[in-house]
Every structure is written in structure tokens, then in C-alpha cells.
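Next come the chains, spelled out residue by residue.
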Amino acid sequence: MIGKGVKCLLVAAFSLFCLNSFAQENGESNQHIHNQGETEEKKEETKKFDANEVIFGHVLDAHQFHFLSYTGSDGQLHHVGIPLPVILYSPQNGFSVFSSGKFHHGEEPHNGYQLVTQEYKEKLLVGGYSEEQIKGFRNESIIAVDKEGRPLEGVQVYDFSLTRNVVQMILALGLLVWLLFSIAKRYREQGSGKAPSGMQNLMEVLIIFIRDEVGKPNLGPKYNKYMPYLLTVFFFILINNIVALIPGTANVTGNIAFTLVLGVISFIVIMFSTNKHYWAHIFNPPVPGGVKPIMIPVEILGIFTKPFALIIRLFANMIAGHIIIICLISLIFIFGNLSSGVGWGFSPVSIAFTIFIYFIEILVAFIQAYIFANLTAVFIGQAFEGSHHDTDHHEDAVIV
Amino acid sequence: MSLLFVLLSTVAWANAGGAIGAGLAAIGAGIGIGQIGKGAVEAIARQPEAMNDIRANMILTAALIEGVALFAVIAGILAMFV
Numbered sequence: 001m002i003g004k005g006v007k008c009l010l011v012a013a014f015s016l017f018c019l020n021s022f023a024q025e026n027g028e029s030n031q032h033i034h035n036q037g038e039t040e041e042k043k044e045e046t047k048k049f050d051a052n053e054v055i056f057g058h059v060l061d062a063h064q065f066h067f068l069s070y071t072g073s074d075g076q077l078h079h080v081g082i083p084l085p086v087i088l089y090s091p092q093n094g095f096s097v098f099s100s101g102k103f104h105h106g107e108e109p110h111n112g113y114q115l116v117t118q119e120y121k122e123k124l125l126v127g128g129y130s131e132e133q134i135k136g137f138r139n140e141s142i143i144a145v146d147k148e149g150r151p152l153e154g155v156q157v158y159d160f161s162l163t164r165n166v167v168q169m170i171l172a173l174g175l176l177v178w179l180l181f182s183i184a185k186r187y188r189e190q191g192s193g194k195a196p197s198g199m200q201n202l203m204e205v206l207i208i209f210i211r212d213e214v215g216k217p218n219l220g221p222k223y224n225k226y227m228p229y230l231l232t233v234f235f236f237i238l239i240n241n242i243v244a245l246i247p248g249t250a251n252v253t254g255n256i257a258f259t260l261v262l263g264v265i266s267f268i269v270i271m272f273s274t275n276k277h278y279w280a281h282i283f284n285p286p287v288p289g290g291v292k293p294i295m296i297p298v299e300i301l302g303i304f305t306k307p308f309a310l311i312i313r314l315f316a317n318m319i320a321g322h323i324i325i326i327c328l329i330s331l332i333f334i335f336g337n338l339s340s341g342v343g344w345g346f347s348p349v350s351i352a353f354t355i356f357i358y359f360i361e362i363l364v365a366f367i368q369a370y371i372f373a374n375l376t377a378v379f380i381g382q383a384f385e386g387s388h389h390d391t392d393h394h395e396d397a398v399i400v
Numbered sequence: 001m002s003l004l005f006v007l008l009s010t011v012a013w014a015n016a017g018g019a020i021g022a023g024l025a026a027i028g029a030g031i032g033i034g035q036i037g038k039g040a041v042e043a044i045a046r047q048p049e050a051m052n053d054i055r056a057n058m059i060l061t062a063a064l065i066e067g068v069a070l071f072a073v074i075a076g077i078l079a080m081f082v
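Heads up: the sequence lines are chains A and B, in that order. Going by the working numbering, the letters in the first sequence line up with residues 1 to 400, in that order. Going by the working numbering, the letters in the second sequence line up with residues 1 to 82, in that order.
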């Protein structure tokens, strides 16, 4: 990925850095050498475009909102973004709370902690660590390091930071609560007789859609009990999906942990609405006797595969969409690596494709939220479905 | 023979497997969603009044099939990086 010349310069820079760190503990002298090493590295920032790093840097979680980076007139790389609070706990060092700006994007350790980035991993490789040791470190994770910046074994760091996923979730939550509470207030004051106005129009369409297309057909007369949950799930996923399409925001619904929790909550809601007939069908499926030993394990597995499919479907759809968008834009830079002219010439094509995919992604945002809510409603309906054996025996008039 | 072994060992099998798997999943999704589209368009042709219902069901079913195809894409990505 990186040319040989760059590697030589990195070795030189890191050796200078280490030599001076070992030689003296003087903070000021360290700072000077560090800056010198830094400027040498920054001159090599015009290294080749690494699509892998860009893609996963965008779709995974991070400790700051990163909007753009540019090489300023002084040759230094400047990052424009919002640093977020880092909250760490380690049994050895206790609680630490500080801004992630102190990490300077992984260039320096702070308070004995280091943010793992691609550059840090390369520094370690150059400094003598093996590939397998480096593989264990995840980008954007925080590890404990000693004064020279080498990873400390055996120090467990628990990361409770407000990462960008968390902050975006809280913002989406705030938006959700504000929107729906203001509509609820309007209904409480005016009643449902008056014509809707403003935001109420849009929300009413969606709420009635969920009630009539998702709630009533699947849940029958008991739909009112489950409407709060279905509406919450639908709007939360929808708002997070739409916000994630804005460049610079975090990819919340494309995070397996987020969808896992949503799936588990749906699973709990489904389990709480099961009745006797449901379990009778699981453990005594109405199939011929010979097939029963096969069907019973399949049915038991089916209890878990349905929420699992919900989890993976939402996660895969959202992360695939984001990766496609980033890949199409990265194509410009990959072609730019070949030659500047090809890069410029390809950009209209790439941008046209990206706009097209953006429209599809907006559609997918709505569809995936609707499907999650719909399938949850279907599974809940299946859980408390009454026995339908009685309806199978019709009293037909037998004409002999 | 040893050249064959050398060649076989230098190919990035995990990446190749992941990419081929994702491509096969795309073929499957294409065929499946194409058949949904075919059924939906024929149904609309037979009964144009039902167009809205048919369209809603078509989009829902297409998203379900896409979910299955993306299972395979995730499996391909796992093959590459895990």
C-alpha cells in the first residue's frame, strides 16, 4: 500500500522519536522532536488513497464526528470535526474522562491511553511488533500504553465513551420525543376532530399507515396494546436511517450492536405475548408422526431465527447502502491514483451514480423501518394466534 | 507441480471466496426480485384497480428477498476479514 520510500522515512522518523524519548524525559525536547517527526510524516500524507481505511472509517464507530481533513498552507494536516468525550475505566488507573481531541487523531498517547489508528499500527509494525500482534487491535479502539507509546499487556480498558453512534442516537431520540410529544399535545388540546396542521400532517399519515397496514391486519383486536412499541420502533429506525444519510453523521442502524438490541427487545415482546397454542404448535406441530422428530427441532430453532433475521436484515441493508455510496465516491480517488486527469474525468460519472444510489437509499431507509415494524407485528400476531382447529371442522350438510 | 502449489498458495482464497459468494447472492437476488416484478406487473395488467395494493406487496416482498441476499453478502465479508 505504501511505497518503499515512505516506509524508510517512517522508520527514520520513528527511530528519531524513540531515540529522543529514551534519551530524556524532558517534555519540551520530546515535543520538539515529535513535531519534527510529525512534519516529516505529514509531507508524506500525499500517500496513495487507501479505500479500505476510508470505507471502514466511515461506517464504523469513532470517538469524534469527522467532517473533513485538508492539508493547510503550512503543510500540516488539519481535521475539521467535533471531538466527543472519552470515558474510560481501567482497574489499574480508575476512571478517566477527557475530550477525544487530546488524542490528536492517534498521534500521541494521553494519560497512558492511545487511540489505535492506521498510522499507530504502522508505527508499531516499524517498531518491531509482528502482524498478528497488530491484528488484535481494532481501529478507533483505546488501549493502555506506556510512556514510549508501546501497548501494555494485561491492562484491561473498559470504554464507556460517548462515541458518535451514541451521540447520534441521543439526538435521534430527542428529535423523536420532541416530534411525537408536540403532536400528542396538539391532539390533547384540540381533540381529533379538527383538521391537522403542520408537522401533524406528515406524522398522522405515517401513524395511520402503521396502525392500518401493520397493526390491525396482524394483531387483530389487540392492536392497541402493541401500537406504542411498533410506532416507537418504526420512527426510531426511520429517523436514525435518514439522519445517517447526511454526510458527516454516524452510521447507527448499520451497527450490529444496535440492531441486535432492537431484535432482542422485539424477541422479548414476542415471547411475552405467546399463549398455550403457540407452545403446543412448537412442541407438537400438526404434522404426520414420522416428520415430527424433524419438525420439533426446526420449530424450536425457528423461535430464534425469526428475530435473528430481523437483526441481520436491518444491519446488512443499511451498512451495504453506506458502503456502496462510499465506494462510488472512492472510485474517483482510486482512479485519481492512476492519474489526476482520469480522476477528474471520472468524477461526473461517479457523482451521477452516487446521487442515484442516494435516492434508493432514502427509499430503503423507509422500507427497512417499515419491514422491521411489520415483521415484528407478524411474529407477535403469530404468537397469540388462537387455535384455528375449531374452524376447520365445518358442519356441512351432507347430501347423500 | 511445485509451481502449481506456489500459485495456489499465493492466491488470496478468502477474498476470492467472499467476492464470489457475494456475486452469487446478487444473481439470486436478481432472479428472485425479477420474478416478483414479473408477477406484480402481470397482476396489475389483469386488474389495474388493484395497482396500489399490488405495488405495496411487491415492495415488501422485494425487501424481504434483498434481506436474504444481504445475509450472503455479510457472510462474504466475514470470509474476507475474519
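Careful, some of the hints might be misleading.
Stated by the list, open to error - A few chain A residues facing chain B, derived, Cβ under 7 Å:
| # | residue |
| --- | --- |
| 1 | G127 |
| 2 | R211 |
| 3 | I312 |
| 4 | A320 |
| 5 | H322 |
| 6 | I367 |
| 7 | I371 |
None of these hints come from the bench; they were simulated from the model. Ideal Cβ placement from N, Cα and C applies to all residues, glycine included.
Results for each hint:
1. G127: At about 25 Å, which exceeds the 7 Å cut-off, the nearest Cβ of chain B leaves the hint on G127 of chain A violated.
2. R211: 15 Å, violated
3. I312: 6 Å, holds
4. A320: 6 Å, holds
5. H322: 13 Å, violated
6. I367: 5 Å, holds
7. I371: 5 Å, holds
Comparing the model with each numbered hint stated earlier shows that hints 1, 2, 5 do not hold.
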